[in-house]
Each structure stands twice: as structure tokens, then as C-alpha cells.
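Number of protein chains: 4
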Amino acid sequence: MLKVGVIGCGMIGRDHIRRMTEVVTGTQVVAVSEAMVENGRRVAAQYGCKFYEQGEELIADPEVEAVVVCTADDTHARFVLRCIAAGKPVLCEKPLGVSAEECRRIVDAEMQAGKRLVQVGFMRRYDRGYRALKQQIEQGAIGEPLMIHACHRNLSHTHWHTSDMTIKNSGIHEIDVLRWLLGEDYESGQVLTVKQNRSASAGLLDPQIMLLKTKSGTRIDVEVNMSSGYGYDIQCEVVGEQGTLRLPDPATIVVRAGGARSYEIYDDWSKRFIEAYDTEFDEWARSLAHGAPTGPSAWDGYAACLAADTLIRAREAQQPLPIELPETPAFYR
Amino acid sequence: MLKVGVIGCGMIGRDHIRRMTEVVTGTQVVAVSEAMVENGRRVAAQYGCKFYEQGEELIADPEVEAVVVCTADDTHARFVLRCIAAGKPVLCEKPLGVSAEECRRIVDAEMQAGKRLVQVGFMRRYDRGYRALKQQIEQGAIGEPLMIHACHRNLSHTHWHTSDMTIKNSGIHEIDVLRWLLGEDYESGQVLTVKQNRSASAGLLDPQIMLLKTKSGTRIDVEVNMSSGYGYDIQCEVVGEQGTLRLPDPATIVVRAGGARSYEIYDDWSKRFIEAYDTEFDEWARSLAHGAPTGPSAWDGYAACLAADTLIRAREAQQPLPIELPETPAFYR
Amino acid sequence: MLKVGVIGCGMIGRDHIRRMTEVVTGTQVVAVSEAMVENGRRVAAQYGCKFYEQGEELIADPEVEAVVVCTADDTHARFVLRCIAAGKPVLCEKPLGVSAEECRRIVDAEMQAGKRLVQVGFMRRYDRGYRALKQQIEQGAIGEPLMIHACHRNLSHTHWHTSDMTIKNSGIHEIDVLRWLLGEDYESGQVLTVKQNRSASAGLLDPQIMLLKTKSGTRIDVEVNMSSGYGYDIQCEVVGEQGTLRLPDPATIVVRAGGARSYEIYDDWSKRFIEAYDTEFDEWARSLAHGAPTGPSAWDGYAACLAADTLIRAREAQQPLPIELPETPAFYR
Amino acid sequence: MLKVGVIGCGMIGRDHIRRMTEVVTGTQVVAVSEAMVENGRRVAAQYGCKFYEQGEELIADPEVEAVVVCTADDTHARFVLRCIAAGKPVLCEKPLGVSAEECRRIVDAEMQAGKRLVQVGFMRRYDRGYRALKQQIEQGAIGEPLMIHACHRNLSHTHWHTSDMTIKNSGIHEIDVLRWLLGEDYESGQVLTVKQNRSASAGLLDPQIMLLKTKSGTRIDVEVNMSSGYGYDIQCEVVGEQGTLRLPDPATIVVRAGGARSYEIYDDWSKRFIEAYDTEFDEWARSLAHGAPTGPSAWDGYAACLAADTLIRAREAQQPLPIELPETPAFYR
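Chains as they are written, first to last, in the numbering used here: chain A, 13 to 345; chain B, 13 to 345; chain C, 13 to 345; chain D, 13 to 345.
Looking at chain A on its own, in the form it has when it is part of the complex (with noise of 0.2 Å):
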């Protein structure tokens, strides 16, 4: 059994607490944090765990043999970067830095301590149908993958949504888990802004599309659009030379009424993914019980800063700017 330290309990830090409580059978959360200290002292009551105001104290407590970071973007850099000082696993919430500087620290003082402690919450991997897709590349299924249409819609987004968010937020799931499927790194990257939707915010870039080349030629195309008006909906088709995969849309029941038959769409992502996250907890506690995470790395990590940073420069230019990735160190093979 797993004793986690959890800092962060905000939504989605409430919800992995939950998560390794009552769902996943190898992980127990034996001390949270979390910088609103009532909300903080609620959670641990409600757990029966200890609390710390400090993520750092949380970090140092012996008891503590992991930690799971859910805390504000700007601090998830801070606090990885201490787990890896103390020797700690952490399983960090996306995106691991706020810019790849920052990644690229990570990676330095993980590579520095000499072991693969940290694991990046691309929960992506984990969902059955990104998995099958993989799966059939790999097999051949369609020849070699030449081309990706891809899309993420939110239904609509918060107030204090900005256009770099639509990129390094939302679109960093699609550039890590893209690269993921096709099991090779970026070359270049353009965002074409769009006609923008009346529904979002004045200003606000909506929706965005995010274009992709790979090192081999493969071309991507992402629909990035944070007020789809209808539900979250993830879409991806790849095209190969033989054939195409798609991902499914959800099992919903099929209902014939008023004239037509339908099908529900979720309105967020907590049901669209609710299974790959607890995949995603489910194998991080058994790989670290065989040693060290498997999963997305900081390398991983570092590398989907990479491409969203030189996507938000490339949308300014409004050119294509290379992605300027270095080779994956042995260390990451």
C-alpha cells in the first residue's frame, strides 16, 4: 500500500484523494496540503490524514513515500523539483512547469539525482480508446501514420480563460498525447486563429487550431475550442496509408424520440475520463511498487512545454516556428 501526501485540494486535488481512497486498492493518502488552510484542514478531517500548511513540510514527512501535485500551475515546478531533492516519487498534474525552462530544470535535477522520480498527469495514455488506437498503429493496422485531425471542445470556458491557456492547458493533452501515439517528436508548429465565437470572452482567441509536423512529415491538425456550445467532446482521427483508426465516441444509449435518434455528450472531461484517470493512479502505484513510474516522464513533460511555448510564439508570428527539442537523453529511452 502506497502512502500518499497529496498537495493541492482543489477540484481535481479533492478527486484523486478520492481516488486513491476509494478506488485504486494500492495507494492510501496519509497527509494533504493545501495553501487555503480551512479548506485544506476540511479535507484532511474528512480523510482522517494529517494536514500541512506547507507542501514542503507535507514532503518531508517520513510517512509520506509519495506526493501527488494538484497546486496552482507556477508552483508545480517548486514542489516537484523538492520531491526530487528528498528522493521522492511524484505524480504532478499537467503541466509540470509553467514554461519549459522550468521543465527543463526538472529534468536536469532528476536526470542529476539519478533516478525516474517523476511522472507528468497526461491522463491521456490511459483511456481505452487512445490505447486501442496505439495499439493498431503499432500492429500496422493502417500502414504508417501519415496524418492526424484532431479535435478538443470544451463546452465553454471560465472567465478567467486567455488565449496562451487554450494552448497550454487544454491543447498541451493533444500535443503530449499525439506525440505519445506516434511514438516520435515534433519538427514544427503554427496556430491559425479563427472567425472567433461570440460566446467567448472579447478578446479571447476561440477557437484556436493548432498545426503540427513531425520529424518524419506526419501533419496534425488540432481543433482547439474552448466554447463548442454542445459539450467537452475529444476527437481524433489517424490517417495512415492503408486505412484510418477514430477514436470512439462514448457508450451512450441510443434514444428514438421527437424525430430523432440521439445520443448523449458528456459536458466535461471528469466523465469523459473518469476511467483513464483511474487507470492512471491504478498503474502509478504498481509501477512504483516495482521501482519507478512508467508513465508520462518529465522528459515528457518538458517536451509538450517545448511545443506549446513555440506554439504560442508561432501564433504571435503567425508563422510556422520550428519546435527545437533535443534528442530524448538516454536516461528518458
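These aren't lab readings, by the way, just hints derived from the structure by calculation. It cannot be assumed that every hint is accurate.
The list makes no distinction among identical chains, and a pair is therefore deemed to hold if it is satisfied within one copy or across any two copies.
In the DSBU-like style, the derived pairs of lysine-lysine whose C-alpha atoms are separated by at most 35 Å in a straight line are [unchecked claim]:
| # | residue 1 | residue 2 |
| --- | --- | --- |
| 1 | Lys127 | Lys15 |
| 2 | Lys227 | Lys146 |
| 3 | Lys15 | Lys207 |
| 4 | Lys100 | Lys15 |
Please arrange chains B, C and D on chain A, whose structure you already have, making use of the hints.
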């Protein structure tokens, strides 16, 4: 160009006149007849053709080479018999007669005349989907057919609809097309009554379930539902020894909106089977140009009526009854 | 943490041991029993738990708080009765007994004991799709249910499969889940035999069609097909007064290749209902932590067996027979 | 009955001759012309119509009321200009000319003549699915369109296929139909090259991705893929402010066999768009009976060619280029 006279200018009659004038290349409507004289004259004027008060006069017109009968069900047999007597091909809307006995008289008269003249308006045999089912069955794609699950659903029913009409006017389409799909005759039939739909007229048995068994032991269940409440919907799944074949839903655009992915369902047969009707008339005209009709024969009309009559008696008897159709005479093979 | 003893280490037993060890958080397997002693010892060693040659010894073990019965069908009743005598909760794989009489004895014993202890392994009630159907029915989305068209198809059958097993082992899932969906008891049942699938064993009645009628007049037809030839496929459409609801096909990726768009169909129940089994055990453990099981009761097990027994007699009699279930006792309401 | 002369008796020409003879009621083919004289005479004999070695002779024949041009692309403009000079309506297969300049000359000649005579064979505008998309867009079902994701896939390409033909012969369908769907002109275009499909000819850029931006800022991406390896497949999703609309797959029967649920994909355009072609010719004949063609105009043909030419230059320049179409003249509005 086949010169056609149409008896009956109701909704379906006018639709066929339009079809033979505007859609089918090989037909020309030269005369119409209609008991409601005013309406009939108006149609004749619109299409620039002759008008007869009596169907018999129309049949006798030497310019009329072939006849289409679209009158009330209880006059079908009279006009068809007259066409046979006149030696003119006739396409009669279903049902061929109001009873198996009436149909039998037509069969006998046609055999006596020694020439195939009669075709019955079972247009589903011309539907692209049913034809693909039949083709796949005959190619052995699923081995021997063992069962058919089908349903016929109307959006709602007219106020003059009766429990018998459910079998004889709607269900008869299923009786014919499934017999044709399987290429064999029925051995017995049964009707299950169901908890009444409160949207149906008081006293109407709606829905009903027809159960049929073929000579070889294939089982068929058909829901016949006059008050589906949501649309006109025809479904058919043929279960064979190695797989199943299913009629497709019509190809309507995919709408993602309001939390659902949805597809329109048509509200009546005219949209659903428009292409089948067009093909029916086109092939009828072509077959006559080659000498004789090749579509559903008087024998098929008789077989369907006999099965329908038996099903109605079986419903009243609340038990299965044998469907005692003689062997198909060589004349109709 | 519920300490569980498992009687029967066959395929399904081992799967449940794995499930309670690796997937469900609230259960721990502390003892197993198995008639084939070698196999049983091996499983006990693998999971580090006690082994008993006799199920009765396992039930008597004071450490065992609850029991799971996965033995041959004809031993179910014996072990369940022993658990009741010992005052221990028991989750028994379906069917609860080999006859309605056996089930009735369990019901009587449990009522005598004065406490709900028995749950039957009808896992479909935990399937996401069936639950959505039930929720929509109860919310009145389609008005009153009038009919259910269902089918249960296995890829192929074992060589020891019998015509009665089609009803009592496979069909019984449908009997239970549809009774639960509709929330009412059956009035009568009938079985139609079908032209035999030549892929089935000689003499086996395969497929069969079960026809059920509920107290309120809802009609159900269920194809039970042990030799579908293409996969494990469960279908269910509920037809109501204003629309229909249909179980979805599992969400499998869309492959466009070789002139077809295609979706995988699973080949057995373990993939199709894996999530339902997990939920079943999870909710069972939680319900016991709150005092008593809330899943399918001994009465449900009795009701299903009674219907199955009646259907088998009805098949032999070749006519519908009444299903004479007494009113649900207050104890089970 | 419109008396039509057809110039060009290749595959598509013969198909249109058959269509105008057997399917469309308002047309009669009275003369054909074909450079390969033997073939042309054979077709004329088959359909019992006149034969001319020179298209110009056919146009001059006083019996010929309207002309259909189905010759090699580089002769289209010549024959269309001759029809304009003769004051005869002409339906010209796409593309209208081999360059925007050629098309522009036709536009100028037609405006000079002062009468709409030219229609271009963009048959997709007559497809039931595209028409439903356009109707829904215009009814505001999804708010303003923001993006279109489309793809055009051929099973495989001819050995004489060139990288430019991908844009000018195949992509041009998309260029026209999407401009028509949105009801606005393009502002700029770009082409992305992709890792080459090894099934494509050496040196052929296949697939290619066309990116278009409309005047209002709607973004379009179109995969144009000559070697899909699995079928002829046309997809189109319009993403609006409140939802999306998608072209349906053709309605083909559902086969459950061999571990999969599958639907046939057609292998070429003739099956996929057969109904669109029929409607195109039917409406063309009807529109001429009312005075002038109402389908895609010479201006539409010019607009499409101009966009295609620009896209080819943009592909060579590896950057977006403006599509400098003048405002639509009043004559064409």
C-alpha cells in the same frame, strides 16, 4: 414510352402521376379516373390528360396501354379483374384485395388469361437496403437465415385506423418483403397483443406483434406500431448461422448540439421510400417494354393477403394458426 | 476492509479473487476453498490466504466476514443456506439454485433468520448501459414501456451445453435484468424453437426465443443464441409510448480499411461486462459496510429461477404457461 | 424535352448520355461528338443519335438546343466559348478551364453575350447531404460557421495523376462546394505537404492538405488524399458557434460477422454521388425550361479555378497566398 391510365387520384395516386410524369423516363400518363369527379378533373387538367368518371371506361380506352390502380382497397380486385379481361398490364397498390378469396379470384383469372399482367405495389422490394439484404443472404454472407427481428413504426395513426388495418395495411408490407427476402413461404402465424399505448385511439390494439414461422423453421417477429410517437421507422435484422444483417437507418446529417449527437428520423413513408417508389415504376415500365411485369405478382399479393387474414384470425383465437398457402403454381415460378 | 472467503476457484472464482484483491478497495480475500484441492492450494498460495478443502470449513472460519460462492450450480443452495445459518453475508453467482424450489428454501431460511444476507450475482444490473436505460425509463423519457426486444448472443457454446442451460444459465440474465428494468413481475412465458443453427451441437435447440409478458401487459422477446458465429453481443431495445431506448454497443475504435468502416465486437462476457463486475463487488462491499446487501436479493434469484423453470416447461409444452410467482414479501420490498 | 448534344464520349460522357436517356425525364440526346471517332460512332449507334467528328459541328446543329461538354480538361474552354457564341446553354464538366485566365475569358464572353448560358458540373451541390448541411447552416442551427474540417479520399490514383491534379481536379470539388456551403469567398490559401504515402507514385505529393480562409475568417482544412487504400470517402464537418454538422456516411447495411460490426464504403464517386448527378441533370433541364441555368455559374467555375491556381502556387511557395477574386459582378448575383 408506356401510355398509362391511373384509376384513383387520392394522395398516393397523385404522387404516382407526378412520378410517372416527372421522374420516370419510360411512362406517360394519358388518362386518369376518380370517383370524386371534381378532384379528378382538376388533376387531369393539371397534367393535360383525359378524364374518365368510371375506371372501367379508362381501362377500355385504346390509348391506355397499362393501368395503375390507386383506389380504395375494396375496389382493387374489381379493376384488376377488368384489366385482365382487357388484356392490359396493371400495377395495383397493395393490398391486391380485401381478402385472400378476392386475390385468389385474380390469380385464377390471370392464369386463365394465360399471361402475366398483374403487379402488386409492394415497393419495399425496390428499396436499396432490402435489396442489399437479399443479395447478402443469397451470397451466403451469414449462412442460413434463422430469425428475423423487424419493426414497422408509424409516427401516429389516422382516426379511422382499425386493429385489422395494422395487419392488412401496414403489416402486409412486412409479410411480403420478409417472404421475398427469405424466398420461402410461411407455415404458421400468431399475433401477440400488447399493453395499449395511451396515445392510440380507444379500443385500438396498438402496438401488435406478428410472429411468423416459415416452412423451413425460420422465426420472424415484427412489431407493428401505429403510434411510435417519434417518427416513421422501419427496422429489420436478419440473424443467420454466422452473423447478422441489418437495414441501415437513412443517411441523415449528424448534428452535435445541445448535449447530444443526433440524426433526423423521417416522419413518414414518402420520404423514407421515395427512391423505392421511383425504382418500382421505372422497372415496371422497363419490364413491360420487354413483355411482362417482373415485380411482385398476383400470387405474391394472394400469399400476403392469406397470411394477413390468418394472422387476424390467430389474434382473435389467441393462438398460432397454420397459413395454408398452396404450392406456387408453375405459372408464377 | 471486508474479509472475504471464496468458495470455488474455477475461472469465474479466480477472476473474482483477482478483482477483490486488485480492483476493489474495500475487500480482502482471506480464505479460499475448492473441491479440486491442488488447484485450490495453488490459488491460496498465489494470493497468500488460507485454504480449506470444504466450503463449510471456510464459512465457519471466524476471520471470514462474508462469502462469495462460485462453485458448480448444483452446490450453490447448499453453501448459501450454510452462510445464512452462520449469519454471514453471501454473494452467490447466478443461478441461486438449480430449481425454483431450491431458491424458495433459501428465501424461507433468510426470512426465518430475519436479516438480508444473500445477494445474487446478476451483474448486468451494474452495467452502465442498463442503468442508463432504467434511469430514463423511470424519468418517463419514453412514457410507459410497451415492449422490449432483446438478444443474448454467445460466439459459440461449450460441448456440454444443453437446451435447458440456454434458458437457465444464459437466458436467466435477461430474465432478471428485464424484470429489474421494468420493475414488475412476469405473468406468463413461452419459448419458440427455431430452425437449428448447423454450427450448434447435434440435438441442441439453438437458437431459442423466449417470450415473456409482464403483469401490466408489456411484451418481451429475447433471442438466446449460443452460436452467433461472430461474437458476444447483448442487445436491448425498450419501446415506450413516445420513443425507444437502446443499449449502446461498446465503444470500440472506428477502423476504415479494406472497403469498410468497422467496429470490433468482443468475443466474450468478460470484456463486455468487466466494468459491471467491478462495480458489483465494489457496491456489495460498501453496502455490507452499511449493514446489508442492496443488490439482487434471494427473492430476485427465486423469481428468475421460477421464470426459467416455467419457460423450460412452456417450451416442452409448446404453449405459453403462467409464471406463478407469489407477491413479493414485505421482507424483500 | 430538351434536345441535348454531348461532346466527349469517355467514361463520364457515356454515363451522362445514359443518364439523360434513361433517368432524366426532360432530356433527349440527339447528337454526340468524340475525337476517337470509332468510339463515338458506336455510342451514337447505341443511342440512335447523330454523330459529329467535331464538337463545333455539333454545337452548330440547329436541332441541338443545349450542349454537355465532357472532353479533356484543356478543351473545355474552347467548346464553352463556342456555345456562348452560338447562344446555346452548356453544361461543362469541371473544371471550367485549365486556368483562371481561361475561365475569366468565358465569364467575359458570357457577360458580353448578356445572358446566363454556362453551368459547371459541380455535382456535389446537388447531393442530399451537402444540401442538408447548407439548409441547417442557413437556418442558424449552429450559429455562425467558424471552421470546416473536410476530406476527400480516393481509393487509389491513376498512373498519370500529378500533384497539381490533386488540387485542380479533385480538390476543386471541395473548393467549390465549401465556398457554396458558406456563401462567401476565400481570402487566402495554403497547402501543406505530408509524408508521402508509399502506395502513391514516386514523386507524387500525396496526400496534401489545403488550408483556406474565408473573407469573414472561417478556417477550412481539407485533406486531399489520392491513395486512401480503403475506399472513396468524402467527409465534411462544419463547426459553428453552438454546434457542428457533419455529412453522413452513405446508408449501407450493417453486417455483424467475424468479430466486427461493419458498413461498406464505396470504392468510387460513381456510386457515392449517383443521386447527385441525376439531380444535377434533372434540375439543369428544368431550369432551362424556365429560361436559364440556376446551377454553378461560369463565375463559380472561375472562382474555383482561381483558388486552385493560387493553392498550387502557395504550395510551391510554401506559404499562404491571397486569393484575389474580384467582387461578384451583378450579372452573377
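Using 35 Å as the alpha-carbon threshold, which applies to Lys127 and Lys15: within, between, both, or neither?
within (20 Å within a copy, 38 Å between copies)
With identical chains, the pair Lys100 and Lys15 could be close in the same copy or across copies; at 35 Å between alpha carbons, which is it: within, between, both, or neither?
Intra 11 Å, inter 32 Å, cutoff 35 Å: intra and inter.
For the identical chains here, do Lys15 and Lys207 meet the 35 Å Cα criterion within one copy, between copies, both, or neither?
Answer is neither: 49 Å inside a copy and 47 Å across each miss the 35 Å cutoff.
With identical chains, the pair Lys227 and Lys146 could be close in the same copy or across copies; at 35 Å between alpha carbons, which is it: within, between, both, or neither?
For Lys227 and Lys146, the Cα distance is within 35 Å only inside one copy (18 Å; across copies 39 Å).
When each numbered hint is compared with the structure, a violation occurs for hint 3 only.
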